[in-house]
Structure formats: C-alpha cells, structure tokens
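Trainee: Here is how the chains run, residue by residue.
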Amino acid sequence: MNIIVCVKQVPDTTAVKIDPVKHTLIREGVPSIMNPDDKGGLELALELKDKVGAKVTVITMGPPQADLVLREALAMGADRAILLTDRAFAGADTLATSNALAGALKVLDYDLVITGRQAIDGDTAQVGPEMAEHLGLPQVSYVVDCEYNGENKFTVKKETEDGYEILEVEGPALFTVLASGYKARYMNVALIVDAFDKEVEIWPASKLDISPEKLGLKGSPTKVMKAFTKETKPAGQLYELEPEQAVDVIIEKLKEKFII
Amino acid sequence: MNKADYKGVYVFVEQRDGQIQSVALELLGKARVLADKLGENVVAFYPGYKNAESAKELIAWGADKVVLIDAPELKDYITEQYSQAMSQAIDHYKPSIVLLGATTIGRDLGPRLASRLETGLTADCTGLDISEDRDLMMTRPAFGGNLMATILCSEHRPQMSTVRPGVMQKGTRDASRVGEIENFTPSFDPSKFKVKLVKAVKEEKGKIDITEAKILVSGGRGVANSEGFAKLQALADVVGGVVSSSRAMVDAGVMPHEVQVGQTGKTVRPDLYMACGISGAIQHLAGMEESDFIVAINKDKFAPIFGVADVGIVGDVHKIVPMLTEKLSKLMAAKK
Numbered sequence: 088m089n090i091i092v093c094v095k096q097v098p099d100t101t102a103v104k105i106d107p108v109k110h111t112l113i114r115e116g117v118p119s120i121m122n123p124d125d126k127g128g129l130e131l132a133l134e135l136k137d138k139v140g141a142k143v144t145v146i147t148m149g150p151p152q153a154d155l156v157l158r159e160a161l162a163m164g165a166d167r168a169i170l171l172t173d174r175a176f177a178g179a180d181t182l183a184t185s186n187a188l189a190g191a192l193k194v195l196d197y198d199l200v201i202t203g204r205q206a207i208d209g210d211t212a213q214v215g216p217e218m219a220e221h222l223g224l225p226q227v228s229y230v231v232d233c234e235y236n237g238e239n240k241f242t243v244k245k246e247t248e249d250g251y252e253i254l255e256v257e258g259p260a261l262f263t264v265l266a267s268g269y270k271a272r273y274m275n276v277a278l279i280v281d282a283f284d285k286e287v288e289i290w291p292a293s294k295l296d297i298s299p300e301k302l303g304l305k306g307s308p309t310k311v312m313k314a315f316t317k318e319t320k321p322a323g324q325l326y327e328l329e330p331e332q333a334v335d336v337i338i339e340k341l342k343e344k345f346i347i
Numbered sequence: 003m004n005k006a007d008y009k010g011v012y013v014f015v016e017q018r019d020g021q022i023q024s025v026a027l028e029l030l031g032k033a034r035v036l037a038d039k040l041g042e043n044v045v046a047f048y049p050g051y052k053n054a055e056s057a058k059e060l061i062a063w064g065a066d067k068v069v070l071i072d073a074p075e076l077k078d079y080i081t082e083q084y085s086q087a088m089s090q091a092i093d094h095y096k097p098s099i100v101l102l103g104a105t106t107i108g109r110d111l112g113p114r115l116a117s118r119l120e121t122g123l124t125a126d127c128t129g130l131d132i133s134e135d136r137d138l139m140m141t142r143p144a145f146g147g148n149l150m151a152t153i154l155c156s157e158h159r160p161q162m163s164t165v166r167p168g169v170m171q172k173g174t175r176d177a178s179r180v181g182e183i184e185n186f187t188p189s190f191d192p193s194k195f196k197v198k199l200v201k202a203v204k205e206e207k208g209k210i211d212i213t214e215a216k217i218l219v220s221g222g223r224g225v226a227n228s229e230g231f232a233k234l235q236a237l238a239d240v241v242g243g244v245v246s247s248s249r250a251m252v253d254a255g256v257m258p259h260e261v262q263v264g265q266t267g268k269t270v271r272p273d274l275y276m277a278c279g280i281s282g283a284i285q286h287l288a289g290m291e292e293s294d295f296i297v298a299i300n301k302d303k304f305a306p307i308f309g310v311a312d313v314g315i316v317g318d319v320h321k322i323v324p325m326l327t328e329k330l331s332k333l334m335a336a337k338k
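The listed protein sequences correspond, in order, to chains A and B.
Counted the way this note's numbering counts, the first sequence spans residues 88 to 347.
Counted the way this note's numbering counts, the second sequence spans residues 3 to 338.
If you're looking for bench data, these hints aren't it; they were derived computationally from the structure.
The structure displayed is predicted, hence computed values, not measured ones.
Backbone N, C-alpha and C define an ideal beta-carbon position, used for all residues, glycine too.
Just to be clear, a hint being listed does not mean it is correct.
As the list claims (entries may be wrong) - Some chain B residues judged to face chain A by a derived CB distance under 7 Å, without partners named: (1) 124; (2) 149; (3) 168; (4) 171; (5) 202; (6) 203; (7) 311; (8) 321.
Stated by the list, open to error - Listed next, the stretches of chain B that the computed footprint assigns to chain A, with coverage defined by at least 3 CB atoms under 8 Å from CB atoms of chain A: (9) 103 to 113; (10) 155 to 163; (11) 188 to 198; (12) 323 to 329.
To be verified - To be clear about the criterion: a stretch of chain B counts as covered by chain A if any three or more of its residues have a C-beta under 8 Å from a C-beta of chain A, and this derived list gives those stretches: (13) 289 to 300; (14) 313 to 319.
Starting from the given sequences, assemble the full structure and let the hints guide the process.
Mentor: What follows is the structure, encoded as structure tokens:
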C-alpha cells in the first residue's frame, strides 16, 4: 500500500504572545513544530505500515526550513519525503494550497491520502477536503480510528459532536485525522541519524500537475483585508430568574452548543 | 463569471434525524440582517429525506424561500451525496452568499463544495458584514485565537463561510411570516458513492483529568461543603463531566489539590465550564477564561465571574444545581 501523509510546519500557537503596545504577534522565539493533527495522521500511516506493510511518503508545502518536519517524519519511520517550495506558492489560501498539494499527488502513486484535521495556526480544516475534491477521492474527516480490511477497503471511526460514526470506505480515499485518536510515536534513535542522511526531495511548482494560475496569491479566492488583535471577551448575558426558568435557560444554551 | 448573476443570502440548513439544528436558525437570523442590507432574499437550502413538514419553520425563522431537497440519498449526512445535491442546487440558484454551520457536517461539506465550485470559503467566522462594495466581510480568529482577520472573496461567487454554533443570534420566530417552498431534485451519480454509514452512535462524554475533561462542573465557596460538592458530582455524572474546584475549597480541605483550577492550580479549557458558587478571583479566571463556553451560577450579581461567563445565572447553586441535574437526567434518558 502506498500512503501519502500531508504535514505542515506550524508555530506553536500556545507560545505565541501579543505585543501589548503594538498589538502585533511576537513571533521571535516561538518554536516551530509538526502540526499535532498531522502528526496523528502520520502515526496512523505508520501503524498501517507496521500492520499490513506500506510505503509512507510525507509531503509538505512551505519555506526551505520546513525540511525539519520532514526529517522528523523520516525519523519516526516515514520512507520518503517531499518538500514543495517555490515563490509561486506564496500567499496561498486554503484552495490554492489544496491545488498545489493535489498537483503534487497527481504525479505520485497512492492508495490512501492522510492529512490532519486542521492546523493550529489557521484552524480551518479545509485543505484536506478541498484536496480530496480535486483528486476525486472519497473523504472521511475527523477520523480517530481506522482498520484496513484488505482489497482497498477501510473501516473508519469518525468523531462527531455527540458520539461517533462507523463508516466503510472503498479506497483510494482521503482521511483527515484527529491527534486525539493517534498518540504519535517518538523518533527512533537509529532513524534520527538516517533522517539527516536521507534525501528530502525539493519540488518546485514546475514539477506539479497544476496550472500556475491556480497557485499562490493568484490562485486564492479569499484575501485578507485586515488583521487585528482580539478585543477582550464581552460579558455574556446575565439572567435573574426563578430557579425553574434559570434551569431552562441553561439547558437551552447547552443544546445550542451541542454540549448535550 | 458575472458577479451580477449571483444574488441572495443562502443558508445550508443542517438537520440530524430530521431535527433542524439550532445553528441553522442562528444562520437564518444573520442571513436576514445581511440580506436586508443588500436588499436581497434569504433562502434556505434544506436537504434531507421526508422533512417537508418542518420547512415552514424556516420561513418563520426568517427565510423568504425554502429550497427543499428531498431524497432518500440525503437521509443521513454523507459527504459525496450531500456534495452532489448541494453543488447542483448552487449551480442552479446562483447564490451570492452561502452560510453553513461550523459543525462536523458543515466543516466537512463546506470545503468539498468550495473546491467543486472553485470559490473561497472562510471557516469559523465570528463576524459577518457587508462592505461598501457589497461584498461579504468575514471575520475570524487565527493563530489560536491570538489574532483576528477580516477576509474578502470579492472575485468569486458564491462567497462561502462557516459559523460555529452559538456565535450568531437567532431572529424572532414569526409563524405568520409568508414565504415560498420550492422543490429541487438533484440527479445523483451513485458510482461516486464510496462511503457507507454502518452506524452512528451517541455516547456520553467525560474524562478524569480536569485538564482533559470536556465538561467541568466547578465549585467554590458558595458550594460550602462536601454535601454541596455531592450535588455537583451528581450533575457532572449526568452530563459526563468532571468536578473541579476553586482554591477556597481546596484550602478548606473540602477538595483535593489536583482538581484545583487557577493560577496555583491547573489551567483548563473545556468545552463547558460551569462555575457554581465561584466569585471569580483574577487567579481563578486566569485558569479557566479560555474555556469554550462558561456558565456561572452565583448569588452575587456583581461577582467578577459574570464578566467572563457566556451565561450568568444570579441564584442559589443549592437550588439550581439539583433541579438542573434532575431535568438533564430526564432529557438524557429520553435520548437513549
């Protein structure tokens, strides 16, 4: 089985601080990490490799230093690493990003494509499903468990607001994975050494099966008009009611939020 | 693409087991505001199976027209079936704006549709407005909520966005509102149906570690003693949550330190934080204000906890918590 895992290098958003005077993000000193959901997806791929045998290719789009997350993936057990890096990719929104990744996948062989559910710097959860559409693949998002049944058939568990679904999928397919479903393994010491000897393939835009107008800023239908720091959270609504009515208010709000 | 051909503010109405989800009504409320600014119509796309009966509800909640997409293929949500139906409906009706709930359904369907239609999609918007150029201004948090961004999709149609449940306000239900209900019949291509729903399971949520818990029922001085905390535990059991505590109750020896929330305890960020009888000292707030949804119950209407609460209830926890527990346990039992 050929599995492709898409990963992203992200700033550790839990370490991002706001400059209190200029109201801008302080990025200096913020560590870059492999996006947690992507790491969960890589773990799923490596577990399938352990169980049924697979060749695992990791791919990322980013600046040259994104090479680091690919080496981490190799040290965890991935077999091949590809870095899509080109000025033509700059300024991409989710659609243009999905175009670039799908353009790379079109020149590769795969039976299963795995992405994280969402990246912690954007939280959009869009690139996976958008790629699946470009590639004409069935998708399952929010995957927390996956069994391979042979003959390109999978049984997956998808997390929902109030429980889960069990789905049968005929591959090739694309799954977006939750970090909570797959606790990633540590890098293997022997593989760490190998990881720095192995080649990370560098692919420019010209190597992809996609027209250049669909990449980067040019290929992005959405544009950021302005960015600003968040105002402090406004207080919610205050209710002074009889206990019975107060209980009804609470229950109604919990229902709205899918908590109950 | 000619932008002028695209008109109207459309809402994807999410139903589960035939139940219209609250987020859809919230989107209709927002769509009404946006459509009135544009001088255009609010239209509800209502896909499902045998739900025609409830379509008029959508008119009562603000839709001028309901496009009923009724087919056995659409009984349960599955990506491809819904994508085929919705993309055909969008091609046919040419909406200027399409809003979806940012649920596990909307966040699965939205990007699939945007990609099929080659347009932009903005996720988890917290603000929507109309610009001077009549484009949709979509505001959303980025960088883990540290930054907000306003996004435009001015050269493509439809302009699409998802909105989390509870973010927008519903309008006022008016059963006398008039609107039309129209049927749309998609033509499905079953050769693309590669995913089969085997079963959908509803389960109670909850974990032990308070930093891992999705629901925390937290008690403070107002809970007073271990009998009081037993009431919180009963509530937590019903909602699949975990009991935590303010520092006051830990210092008093009522609760153990490992369940203490706050600067000298743990920082928590559950889906729901229920602050019961907690006044909300700044050190406590620092440990829980990032929770997704905060319900506070306190006798003192000037308690600082109400400053961070999404829902504040002025009242006695010893009365409200047991009543809430009883009512919720009946609700939960009815669900099973």
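Trainee: With reference to the structure, classify each hint as holding or not holding.
Mentor: Consistency of the hints with the structure:
A cut of 7 Å between beta carbons decides the hint on residue 124 of chain B: the least distance to chain A is about 6 Å, and the hint holds. The criterion of a C-beta within 7 Å of any C-beta in chain A is met by residue 149 of chain B, whose closest approach is roughly 6 Å, and the hint holds. For residue 168 of chain B, the suggested interface contact is upheld, since its CB lies about 5 Å from the closest CB of chain A, less than 7 Å. Nearest Cβ of chain A to the Cβ of residue 171 of chain B: about 11 Å, over the 7 Å cut. The hint is violated.
A cut of 7 Å between beta carbons decides the hint on residue 202 of chain B: the least distance to chain A is about 5 Å, and the hint holds. With 7 Å as the threshold, the beta carbon of residue 203 of chain B comes within range of chain A, its nearest partner Cβ sitting at about 5 Å, so the hint holds. Satisfaction of the interface hint for residue 311 of chain B is found here, the shortest Cβ-Cβ separation to chain A being roughly 5 Å, below the 7 Å cut-off. The restraint placing residue 321 of chain B at the interface with chain A holds, with a minimum CB-CB distance near 5 Å, inside the 7 Å limit.
Given as covered by chain A, the region 103 to 113 of chain B passes the check, having 6 residues with a CB less than 8 Å from a CB of that chain where 3 are the minimum. Three residues within the 8 Å Cβ limit are the bar, and the region 155 to 163 of chain B against chain A gives 4, so the coverage statement holds. With 4 residues carrying a beta carbon less than 8 Å from a beta carbon of chain A, the region 188 to 198 of chain B meets the three-residue requirement, and the given coverage holds. Taking a C-beta to C-beta cut-off of 8 Å, the region 323 to 329 of chain B contributes 3 residues in contact with chain A, enough for the three needed, and the coverage statement holds.
For the region 289 to 300 of chain B, the stated coverage by chain A is satisfied: 6 residues place a CB nearer than 8 Å to a CB of that chain, which reaches the threshold of 3. With a threshold of 8 Å between beta carbons, the proposed coverage of the region 313 to 319 of chain B by chain A holds, since 6 of its residues qualify and at least three are required.
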